[in-house]
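Novice: Sequence:
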Amino acid sequence: MKRRESLSIVDFLFDNKIVTQEIADEIEEEHLEIGDDIGSILLKRNIVNSDTLTLLLIEAVKNGIITLNGIYKNFSLDMDKFIEKFAQSRNCDYVDLYSVDVNYTIGAKAGYEKISKLHILPYKEDDLNIYIAAKDPFDMGLQDALHRIFRNKLIKVAIANPDQIEKHLHNIEVSESVKDLISEIRQEFTASTGADNEESSGILKLIELILKTAIISEASDIHVEPTETNCIIRARIDGMLKEIFVFDKDIYPPLGSRIKLLANLDIAEKRKPQDGRFSATVMDKHYDFRMSTLPIMTGESIVMRILDKSKVMIKLEELGMHPENFKKFRKAMDAPYGVIFVTGPTGSGKSTTLYAGMNAIKSVKRKMITVEDPVEYQMSLLQQVQVNNKANLTFATALKSILRQDPDIIMIGEVRDKETLKIAIEASLTGHLVLSTLHTNDAVSAVTRIIDMGVEAYLVSGALVAIQAQRLIRKVCPHCKVKIILPEDMLKDIKSFLPETYQFYKAKGCDKCMQTGYSGRDMVSEVLVVDDNIQSMIARGISKEEILKYALENGFVTMFEDAAVRAASGKTTIEEVYRVAKG
8 MKRRESLSIV
18 DFLFDNKIVT
28 QEIADEIEEE
38 HLEIGDDIGS
48 ILLKRNIVNS
58 DTLTLLLIEA
68 VKNGIITLNG
78 IYKNFSLDMD
88 KFIEKFAQSR
98 NCDYVDLYSV
108 DVNYTIGAKA
118 GYEKISKLHI
128 LPYKEDDLNI
138 YIAAKDPFDM
148 GLQDALHRIF
158 RNKLIKVAIA
168 NPDQIEKHLH
178 NIEVSESVKD
188 LISEIRQEFT
198 ASTGADNEES
208 SGILKLIELI
218 LKTAIISEAS
228 DIHVEPTETN
238 CIIRARIDGM
248 LKEIFVFDKD
258 IYPPLGSRIK
268 LLANLDIAEK
278 RKPQDGRFSA
288 TVMDKHYDFR
298 MSTLPIMTGE
308 SIVMRILDKS
318 KVMIKLEELG
328 MHPENFKKFR
338 KAMDAPYGVI
348 FVTGPTGSGK
358 STTLYAGMNA
368 IKSVKRKMIT
378 VEDPVEYQMS
388 LLQQVQVNNK
398 ANLTFATALK
408 SILRQDPDII
418 MIGEVRDKET
428 LKIAIEASLT
438 GHLVLSTLHT
448 NDAVSAVTRI
458 IDMGVEAYLV
468 SGALVAIQAQ
478 RLIRKVCPHC
488 KVKIILPEDM
498 LKDIKSFLPE
508 TYQFYKAKGC
518 DKCMQTGYSG
528 RDMVSEVLVV
538 DDNIQSMIAR
548 GISKEEILKY
558 ALENGFVTMF
568 EDAAVRAASG
578 KTTIEEVYRV
588 AKG
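Just so you know, we're using our numbering here: the sequence shown kicks off at 8 and counts up by one.
Because the hints were derived from the structure by calculation, they are not lab data. No residue lacks a Cβ here, since even glycine has one placed at the ideal position from N, Cα and C. Worth double-checking, as some hints may not be accurate.
Taking lysine-lysine and the DSBU-like style, the derived pairs with C-alpha atoms no more than 30 Å apart in a straight line are [claimed, not checked]:
#, residue 1, residue 2
1, 578, 51
2, 292, 369
3, 116, 131
4, 51, 69
5, 92, 589
6, 425, 556
7, 277, 219
8, 513, 499
9, 515, 92
10, 513, 578
11, 186, 131
What follows is a list of derived Cβ distance ranges for each label pair [stated by the list, open to error]:
#, residue 1, residue 2, range
12, 373, 519, 42 to 52 Å
13, 295, 496, 40 to 50 Å
14, 519, 18, 33 to 43 Å
Given these sequences and hints, build the entire structure.
Specialist: Here it is, written out as structure tokens:
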């Protein structure tokens with residue numbers, strides 16, 4: 008039986024006196040019994056660091072010990088970094104396919120089946136050359152196969168990350184699956200006048216397909232973007248944009264015009280931004296879409312926000328909060344008066360948290376009024392006011408009127424200025440519970456931000472009940488996640504709050520997660536409860552560092568700690584922790 012390719016690396020290490028025979032046997036045994044890849048075992052045992060491992064593997068490929076394909080299959084590495092270093096060592100071209108505008112027409116003409124069998128991606132061409140991305144440009148049979156497919160031009164081959172190649176091939180495959188529909192649109196487009204074309208059944212089918220694909224993928228937004236060579240459809244899935252369709256540029260004009268018609272926008276106006284809304288029934292369910300257009304150099308960028316009522320009716324306990332933080336926040340919601348702030352950047356789920364909070368405490372015995380810009384979801388037992396700047400109905404003017412409506416609880420979509428903040432603070436001090444959002448990086452920073460906006464410290468200290476800072480962190484896909492060992496320098500940052508047993512994973516990518524390596528999102532948060540001591544500290548102008556120190560001594564769980572514990576329990580990756588929660 009042929010010896011496993013990954014195990015030949017152990018022999019290579021022994022031959023080069025990097026490990027003893029005894030250690031080599033232990034590594035081999037651990038690999039066969041536990042299933043950890045050789046690279047992870049070497050890093051865990053501190054035999055090599057990640058840079059040395061990269062150099063060793065490059066040397067092993069040069070010496071024929073292992074193939075590039077063997078490394079892709081058997082080693083958990085920073086593959087982009089490895090491939091770039093490998094390309095430098097072999098004097099071959101390297102291409103990052105995420106940083107170039109891939110011309111999908113070339114691959115489509117060559118035929119998806121042919122290029123997918125070779126695991127190559129033609130990504131651009133000029134008068135003389137076709138540029139090909141390959142996972143192994145040194146494959147002996149590759150050049151002959153390429154010359155058979157691309158007969159009339161010189162071929163320039165560059166090495167690229169196999170995952171990137173597969174993701175782009177997937178885009179071509181998806182485009183091939185709708186080629187009959189694209190052909191129908193082209194026929195209608197050429198056979199009809201511009202006016203008739205807006206009623207093209209092919210375009211309507213394509214729009215329905217785009218909406219359906221995005222909704223199945225649980226996307227929050229759909230982006231329709233013309234480039235120099237393509238019309239790209241991207242969806243924001245779990246907070247990150249992902250290409251779901253790529254069409255030729257000629258599909259964009261009828262597609263863009265028909266989407267604008269749906270939202271009752273002026274299709275002739277392409278020089279200034281426009282905003283609109285439309286509704287559609289997709290898979291027997293009703294959705295609203297908020298739409299925005301923006302003129303760009305290559306046409307108009309169109310973005311559609313998907314509004315799904317069922318998503319906002321989520322219960323507070325289902326938001327995935329840390330148990331300690333949930334207890335603190337839920338208790339704060341029962342306060343008879345005061346201000347509760349939810350903070351975080353755009354797209355961190357602040358509005359969802361506020362809606363879930365309001366849902367938890369709404370009652371026929373309480374009058375609850377919201378002022379929002381815009382009102383995205385309508386809820387029972389809430390009286391919702393939409394900001395209208397043209398009618399001078401701002402957050403501040405709406406709040407003044409709301410206070411004369413005898414409310415018990417007021418929700419303000421966002422505190423944007425001193426006037427709104429001052430009215431909110433005063434309302435809380437006169438017996439109302441006020442909920443709102445702010446843009447700050449963490450909970451403690453919100454205190455100084457409020458004071459910096461011009462409200463006296465003694466008023467702030469008396470009004471604040473709690474501040475929750477939050478982010479949304481992507482969950483690693485359970486179907487393709489891969490065990491890893493963290494480097495010691497990274498582990499020391501989080502060791503103090505890790506459980507006794509833990510296991511970290513990295514994202515890989517599979518069909519179930521659309522090759523992203525992630526599926527769904529969780530909220531990570533921190534909740535600062537403003538007790539008597541913190542009230543006193545705010546009133547006396549104590550620094551935020553001192554407030555944080557006191558909070559940590561009294562059970563404050565930081566967002567970074569919340570996120571790191573999730574990574575240690577295999578729910579997310581350490582890369583996500585540092586991307587999202589390390590301020």
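Novice: So the hint says 40 to 50 Å: do the beta-carbon atoms of residue 295 and residue 496 match that?
Specialist: 48 Å, holds
Novice: For a C-alpha distance cap of 30 Å, please report whether residue 513 and residue 578 respect it.
Specialist: Between residue 513 and residue 578 the Cα gap is close to 10 Å, so the pair holds against 30 Å.
Novice: Hinted pair, alpha-carbon criterion (30 Å max): residue 186, residue 131. Please report holds or violated.
Specialist: Status holds; Cα separation ~21 Å.
Novice: Tell me if the straight-line CA distance from residue 513 to residue 499 falls inside 30 Å.
Specialist: Within the cut-off at roughly 18 Å; holds.
Novice: Please work out if residue 92 and residue 589 have their alpha carbons no farther apart than 30 Å.
Specialist: Between residue 92 and residue 589 the Cα gap is close to 28 Å, so the pair holds against 30 Å.
Novice: Hint check: residue 277 vs residue 219, CA-CA at most 30 Å. Holds or violated?
Specialist: 27 Å, holds
Novice: Looking only at beta-carbon atoms, does the pair residue 519, residue 18 fall within the given range of 33 to 43 Å?
Specialist: With Cβ atoms ~36 Å apart, the hint holds.
Novice: Holds or violated: residue 51 with residue 69, Cα cutoff 30 Å?
Specialist: 25 Å, holds
Novice: Is the straight-line distance between the alpha-carbon of residue 578 and that of residue 51 30 Å or less?
Specialist: 21 Å, holds
Novice: Cβ-Cβ distance between residue 373 and residue 519: within 42 to 52 Å?
Specialist: Hint holds: Cβ distance 44 Å, inside 42 to 52 Å.
Novice: Take a quick look at whether residue 515 and residue 92 sit within 30 Å of each other, Cα to Cα.
Specialist: 21 Å, holds
Novice: CA of residue 116 to CA of residue 131, is that 30 Å or under?
Specialist: Answer holds: residue 116 to residue 131 is near 13 Å, not above 30 Å.
When each numbered hint is compared with the structure, no violation occurs for any of them.
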